Every structure is written in C-alpha cells, then in structure tokens.
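Chemist: Residues per chain, in single letters:
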Amino acid sequence: MRLEVEHLDVSLSARPVLHGISFALSPGEVVGLLGPNGAGKSTLMRALAGHVPAGGRMRFGNEDLASLSPASRARLLAYLPQARVVGWRLAVRDLVGLGRLPWRNFAARATPEDDAIVERALGLMDVAHLADRPATELSGGEQARVLAARAVAQATPLLIADEPASGLDPAHQMMMMQALRRFAAEGRAILVSLHDLTLAARWCDRVVMLKEGRIAAEGTPEAVMTVARLAEVYGVTAHFSRDEGGLILAPTGLTDAAP
Amino acid sequence: MKPAVLNIVLSALMLALFMASLAVGPAELGLSESVRGLFAGGGEAAGIIMRDIRLPRAVLGLAIGFTLGISGAVLQGFLRNPLAEPGIIGVSAMAAFGAVAIFYTGLAGTTLYALPAGALVGALVAVLLLLALAARSGSTLTLILAGVALSSLSGALTSLVLNLSPNPFASYEIIFWLLGSLKDRSIEHVWLALPLMVAGWLLIALSGRALDALSLGEEAAASLGIHMGRARFIIVVGVALCVSAATAVAGTIGFIGLVVPHLIRPLTNRLPSRLLLPAGIGGASLLLAADVAVRVILPAGELNVGVLTALIGAPFFLWLVVRSRREVF
Chain A
253 MRLEVEHLDV SLSARPVLHG ISFALSPGEV VGLLGPNGAG KSTLMRALAG
303 HVPAGGRMRF GNEDLASLSP ASRARLLAYL PQARVVGWRL AVRDLVGLGR
353 LPWRNFAARA TPEDDAIVER ALGLMDVAHL ADRPATELSG GEQARVLAAR
403 AVAQATPLLI ADEPASGLDP AHQMMMMQAL RRFAAEGRAI LVSLHDLTLA
453 ARWCDRVVML KEGRIAAEGT PEAVMTVARL AEVYGVTAHF SRDEGGLILA
503 PTGLTDAAP
Chain B
7 MKPAVLNIVL SALMLALFMA SLAVGPAELG LSESVRGLFA GGGEAAGIIM
57 RDIRLPRAVL GLAIGFTLGI SGAVLQGFLR NPLAEPGIIG VSAMAAFGAV
107 AIFYTGLAGT TLYALPAGAL VGALVAVLLL LALAARSGST LTLILAGVAL
157 SSLSGALTSL VLNLSPNPFA SYEIIFWLLG SLKDRSIEHV WLALPLMVAG
207 WLLIALSGRA LDALSLGEEA AASLGIHMGR ARFIIVVGVA LCVSAATAVA
257 GTIGFIGLVV PHLIRPLTNR LPSRLLLPAG IGGASLLLAA DVAVRVILPA
307 GELNVGVLTA LIGAPFFLWL VVRSRREVF
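Top line first, the protein sequences correspond to chains A and B.
My numbering applies: residue 253 is where the first sequence begins, and numbers increase by one.
My numbering applies: residue 7 is where the second sequence begins, and numbers increase by one.
Honestly, the hints are just simulated from the structure, not real lab data.
Here the structure is a predicted model, which means the values were calculated and not measured.
Glycine included, every Cβ here is placed at the ideal spot set by N, Cα and C.
Mixed in with the good hints, there may be bad ones.
To be verified - Have a look at the derived ranges for each label pair, beta carbon to beta carbon: (1) A/Arg327 / B/Phe322: 14 to 20 Å; (2) A/Ala437 / B/Ala10: 37 to 43 Å; (3) A/Pro305 / B/Thr111: 21 to 27 Å; (4) A/Asp316 / B/Leu151: 32 to 38 Å; (5) B/Val11 / A/Gly280: 45 to 51 Å; (6) A/Ala380 / B/Ala10: 23 to 29 Å; (7) A/Ala380 / B/Glu194: 56 to 62 Å; (8) A/Ala380 / B/Val11: 25 to 31 Å.
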C-alpha cells in the first residue's frame, strides 16, 4: 500500500505551518524527512497521524487517512512521537506490549502471537536484555529504543517516527536506522525525521527536505543533499566526502544567510 | 504478585472486614445471635439492629470504599498524575455544596431523600460544567484546572452558606455532615446510592485500554486507536456517578482515593488497567477497617470516619513519599 499526500495544508492556531505538501511513500521504502528546526517536520508527521487537522488529501492504499476512525487508523499507521513519555514504572516488556492494543478486542488477553511480535520488536531494537527492567529507570537512549520497539510492535504497514535517533550514541543511531531498514524490508513504508545529515544520506532511500513549511527538495540523498541546497535550507557550509556506504556530510560553518 | 492472587487475597481481607463491621456496635450481640438476626425474619431486637443498622452501614462502607479506591486509580491513570484523587474533578465538592444547600433551606428534615437529592443535583451541575469546559476537546490539564476551579467555587459557596446560616445549630449540623460518616444510614440510603455506584464502576471498567495507552502520553495513546474524547467522557461520567452517590449518602471521606492506589500499585505490574479492581477492593477494605476503628476507639462517641481517614491518611501518605522518594508512582 502506498502513502500518497497531495496538497497538504496545515495551520496551527490560525498560523499556516505547511503549504501544499505533496509526496508519496512506497512499501519497503525508508524516507527521511529533513529540514531545520521549525520547518514543519513534526507538524507534517502529526497531521499524517491525525493529531492536527489538515487540508488536502492523505491516502494510504484505498483509505482516506483523515476519515478513518482512530481504531482503524491504528492498524494502518504507527506513530512514534518526538516527546518520550513513560508514565508509570512499567516493565519494558509490558510497555512494548502496549503496541499490540489496536489488534486486541476489548478486554482480550495477549495471544502467543502478540507475545512473539513483542519479543521480536524487543530484539530488533536491541532491548531484549532490558525486558524485565522498569522503563523509567533506563538511560535516555535505552528509553528511545524501548519506545521505538513499542511502535514496531504495532506491526502496521506504515511507520512514522519523529526523530527516533536523536539522543542516541553513534552505534545505537546506526542500529536504529538498521532496525528501521529491516522493518521496511518486511514490506512496510517508513517516514523518519532526522537531524543527522550523514545518517539520512546513508540509510534512507529518499529524502524529503522541508523549508518554512514547503518542500524544498525531494529525491535520492545524492540528488537532494548538495552544497548549494544545504546552504539554502540549513544555512550551513558542509564538507562532503564519500565511501562505499554513501555520502558523509559534516557541517563546517554558517553561511551569511544562516537562519 | 499475580493479578488473580492479589484480587483473591484482597477480597478475603475485604470480606473479613465486612464481617467485622457487622459484628461491631454498641449493642453487644453474640456471633450466633448476629447471624440469626441477619437472616431470620421477625422483629426481635437483634434482627432490627443487624438488618436496619449494621447491614446498611457495612454495605455502604464497602461500596463507598470501593468507589473511592477505583476512582482514585482511574483518575491517577487518566491524568497521569500521582496526586489525583476522586475529589480532583470537583464533583464531590459540588455534591457536598448541593447537600449543604439543602441543609440551609431546611428541607433536610422533610424527607430522607432530600439531602442525597441535593448532592446529586450539585454533582450533575458539576459534570455538565466539566463536560462543557474541558471534556469535549481540551487536554487532561484543562480537566484538572476546571476541576480545581469547580472545587474552589463550591468550597466558597459552602462557606457562604455557613456564613449566612440562620443559627449555630444549623452550621454545626452542616460541618458535621461535611466531615463524612457512615453512622445511622438506612437501607434506603443503600438502595439510593448503590445502583449509581455500580453504574459508575462499570463505566470506569470500560476505560482500561485508554488508561494503559495513556501511559505513553496523549498523542501516542491516540495513535494506538484510543478515542480520547470518548475516554474522557466515560471517565468523567463514571467517576461522577459513583463519587456523587458516595458523597450524597456519606459526606466527603478523604484520602482513601489518594492513598489506596499508591498502596496497591507496587503489588501489580503497574499497568493502570490492572490497578482498577484491586484498588477498588483495597479501598473497600480500608474504609471498612476505618469504620470499625471509629466504633472501637470511641464506642459511644461521635468520631467521624472521614476525620479518621484524613488523620491516618495524611501522615501515612507522607511516609509513603519519603520511603520511595525516587518515585511515588
């Protein structure tokens, strides 16, 4: 099933935030959502997840995302918010198990199949060894992976992850991206917002770059991430190099037009 | 502890305290005499004492305790706030004001139902205000703020009535009622309050999924398929139904709704849905125990159970906070 977004407009408190956003996402694809702070990345993701009203069209397969009930949307689309909230001292396994809620009828218990999906999500995010620990007592990076495992356990054809790699050490940043790639390889479509340009360039099939609520560029990382575009969108100069894994981008300074 | 084991152990405790509540009173009835009084028909003294005095008191202790425990648990889970308690949404304060207004008008003496009816009307006004202000689109924070505003408004109105009350005796009666008591309640009180409380419990039981999903925050819960507006409505109405019925027949009884969820939570896996039933049973046990205690401590006196629960509850809560300083919840 393909996600197709056409002419999406979003206003927050009467202030226009997104203008005419159109893009598509295919199964098996990891698409990076880039752009400076305030460009509208989170708002776009929240609009897709149905948390803010939006004008325009959002279709996933044959479904109109905006007209779905919360319950049916939750079986199509998993959303990992940027804010990492763990309300009670839940064990990691119980927390990840919350991802199975949309698939269970009222008051039904977890099935062995639910348990298997939860264990796999724990393994995918490298948190299986923490399964019995209280989630509130983990480090920030561990919590980020546990919450990502919750979204993975929802096992939806579309995953929208808002900065899942921020605050992680380099090894776990790459592990996060690797996990998302493996999840996509199961035929799922993934939209992930990122601040780390090298991570986006090396792990995403395509990137969509936002600037001030509009799409500034869209395409393969090679095509989108150029010296001129980084200067235009982020207001930075950057050092580019390349190895067999793809582009390596290191921001080196501010341009005169830095925001 | 396994949920089933926990519920069975707590239920056994509740049942024992229910029996104790039936067995305690100024009239010294032997055990066999009490049991016979409870079940045998006829009008002998033991039967009247058991069926008309002690049974309503024990049943109300159980039901009101259950109400306070389960309401505290559902509100702490829903608002993700360890300080939430049944009074936080302002319904019990408005119910209390409704009853106080009945005292003031002098209708309290006309019929047994006047006082509870006033309390229920007050609670209804509170719920309508809450739903209009907060429950349709606002966040949980809006709900807390609206509840706090309602509580202080009804507190002020209650003070106003006390201020204007025609004679010291009326003020005394009002204050005494506000302290909360299960003394001298009749079986009519049970029939009035119990159906409302049971309806409230059932509504609250429907909210388990929403509570669990809310552990991850409101947006994550919504993306797990929870209809937030519906969950908010069910919880506000469920809590309002059972808490207003409890307040209508017993006045305000504090601290049970706050303390019991904290006592029970460490014995569960901390998923808010798994806390509801044991918190209810725990609340019933605690209120029954407190109501037995007031009769044992001052057999002839007028110690109100609401005073005892606050007197023991507050220091106990403090101890709980100090003991587990890292995390109360």
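Chemist: List, from low to high, the hint numbers that the structure doesn't satisfy.
Modeler: Checked against the structure, the hints that fail are numbers 1, 3, while the rest are satisfied.
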